[in-house]
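The task is simple: from the sequences and hints, build the whole structure.
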Amino acid sequence: MTAPASAQAPAIPVLSVTDLQVFYASRAGDIKACDGVTFDLRRGEILGLVGESGSGKSTATSGIMKAIAPPGRIAGGRILLDGEDITDFGEAEMRRRRWRKLALIPQSAMNSLNPTMTIAAQIADVITEHEGRQEAAALNHRILDLFQRVGLPSRINAMYPHELSGGMKQRVCIAMSIALNPAVVIADEATSALDVVMQRVVAQTILKIKDELGVSFIMIGHDMGLMAQVVDRVAVMYSGQLVEIADVAKIFAQPAHPYSAQLIAAVPSLTERRPMVISAGVTHDPHNPPSGCIFRLRCPHAGAICAEARPALTQISPGQSVACHLWQQDESKAYVRAPV
Amino acid sequence: MSAPLFDIRGVSKIYGPAATGLVALDDFSWTIHQGDARIVTIAGESGSGKSTLGELLLRSSRPTTGEILFEGEDIWSFNAARTRDYFRQVQAVFQDPFGVYNPFYRIQHVFDMVVRNFGLTRSPAAARTMIDDAMTAVGLNAGEILGKYPHQLSGGQRQRVMIARAIMLKPKFIVADEPVSMVDASLRASILDVLMKLRDDLGISFLYVTHDLATAFQVGDEIILLYQGQVVECGNAHDVITNPQHPYVQLLMNSVPRADPNERWPGHVELPAEEALRTANAVGCRFAARCPQRMPRCDAATPRRAGVGPNQHLAACFLYG
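Residue numbers (our numbering), protein chains in the order written: chain A, 1 to 340; chain B, 1001 to 1321.
What the hints contain is simulated information worked out from the structure, not anything from laboratory work. Quick caveat: nothing in here was measured; it's all calculated off a predicted structure.
Dumping the calculated EDC-like pairs for lysine to aspartate or glutamate here, alpha-carbon to alpha-carbon at most 16 Å:
| id | chain 1 | residue 1 | chain 2 | residue 2 |
| --- | --- | --- | --- | --- |
| 1 | A | K66 | A | D88 |
| 2 | B | K1197 | B | D1036 |
| 3 | A | K250 | B | D1260 |
| 4 | B | K1148 | A | D285 |
| 5 | B | K1172 | B | D1200 |
| 6 | B | K1170 | B | D1085 |
| 7 | A | K250 | B | E1263 |
| 8 | B | K1170 | B | D1132 |
| 9 | B | K1170 | B | D1201 |
Not the full set, but computed from the structure, chain B residues with beta-carbon under 8 Å of chain A:
| id | residue |
| --- | --- |
| 10 | L1213 |
| 11 | A1214 |
| 12 | P1257 |
| 13 | R1264 |
Quick list of simulated restraints, FRET-style, between CB atoms:
| id | chain 1 | residue 1 | chain 2 | residue 2 | range |
| --- | --- | --- | --- | --- | --- |
| 14 | B | S1046 | A | E331 | 51 to 61 Å |
| 15 | B | P1296 | A | P106 | 36 to 46 Å |
| 16 | A | G29 | B | T1129 | 36 to 46 Å |
| 17 | A | G90 | B | G1119 | 56 to 66 Å |
Heads up, the beta-carbon is just placed ideally off N, CA and C, and yes, glycines get one too.
Put into structure tokens, the structure is as follows:
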């Protein structure tokens, strides 16, 4: 657990993203796939990044890794990684930092392994590519240590990807991501293709790595149940914007944004059958986003103000920030929820 | 009594040589009756054989052994006319509502193709009525949707359009293979609700293929759980999910992440040991290698199904018979 902020100087976040904008050019104008996203990743925490397909979760993290291909472009924002401003870095400078400072477990991690190489050879490849040639025995020792960290038996060393189960391949990808001791690992839907048991094994592996190595994770996903089990804080994205970021206990106890509330209410129960919560409203055309609040066309609480101004991400209580007009300051400057 | 809609009899699908090949589905039998519409969920991990069953019903692949009878007739004995009729009565909705559309055509085109390919009507007015009815049944407004391009719809809307397309053909049965897994969580309920309405209002039965036990619990009438191609537990969905008896199903139920940070996973799940190759000549319970309650006889023979729980649903485990 982190100490209260007042007890010591606030720790410098390992990753700090300010007003990140990633736009995709199209004939009908720019599509704002990631529009003004601001958040910090604290050292040794797991931050969950949730939202529907197309909400910009993967775009935001690709922007942080500076892996945006045309017609996409980084249109603005500032990124500090492990004390270094990487905002204006070019490809060569970024290449030296990927894997070493910032590693990615890609969305289809299981299919990203090379089918013609043994598991050990692929991990060795990552290490020697970035650190140069190594003595074989030392390299092998290091690979076996990685296997042990992610709970894989050493005999898979000489195996090929097709000989492993999905959960094992996923753990190979985790081993690879931590091979160069990065400060930050981005896990993009790392467990979505697995059954719940393997999902749990992989999640436990991530928690163990976090505790043992102090690696900070951004875990992209859409399963609020998994988020509740694994992450320290949750950031919710809707249509390219960050609408809420809060400590996991707070957001589940009292989701501040109506979209967060819908996501949590949509998790089906295993103990009682009850009518499912069906959210009304329509998703806007990305070429033609609504004025004001991005969520207002699907929001059951939207009022006149929501069409006029885009709500700013505002801290409404310690550990919880939301971008929503429903939250207003009362006379004592405390934020309360009031109809708009 | 009329013949059942589907009578699946001892169906196996083996990829590779008969003795040493990979068993995708092992001796599977199930009956779905006429006039008693229900949602049958088939659940299991990736590679457990659940999609294989859907493929077999859709005639995308042929059983290695066993037979699938549709209204009393083997689906592989159909002549051309009967095959055409079969593909009208049995429809499919797939996982990816983003990949199935041609982005250059408006939604209207999807429906025009169905009307033309199946010769539903020659009258544009009649076609429009059919489209309107199908769209209404899935909770969409045809006037709003038909002129749009796929990218202008949400994942939930796209998936409902695919269901509308399927029900225009007035099918008796729909294979829905992971229909909500790529749809935003907040919109999933709208799709599942449509499945239940179609069952109740139009009498369509579904094979709901999923790995998500919670949605299976919410919509399923019956549930079949597969592990490496074999049925481990099956029966009334409520009975199975509220009172699982097979060690694998109990492990699954304990691993479903609850959306409550104060109710974390109980204990620590052990990493699965080596997975045995599930070749056709392998014997023993397939789950034995991972089972916390493994006994000597689990490796010697394949367990038969036995009645378990207060309502006697079935579990294939030596703990029960």
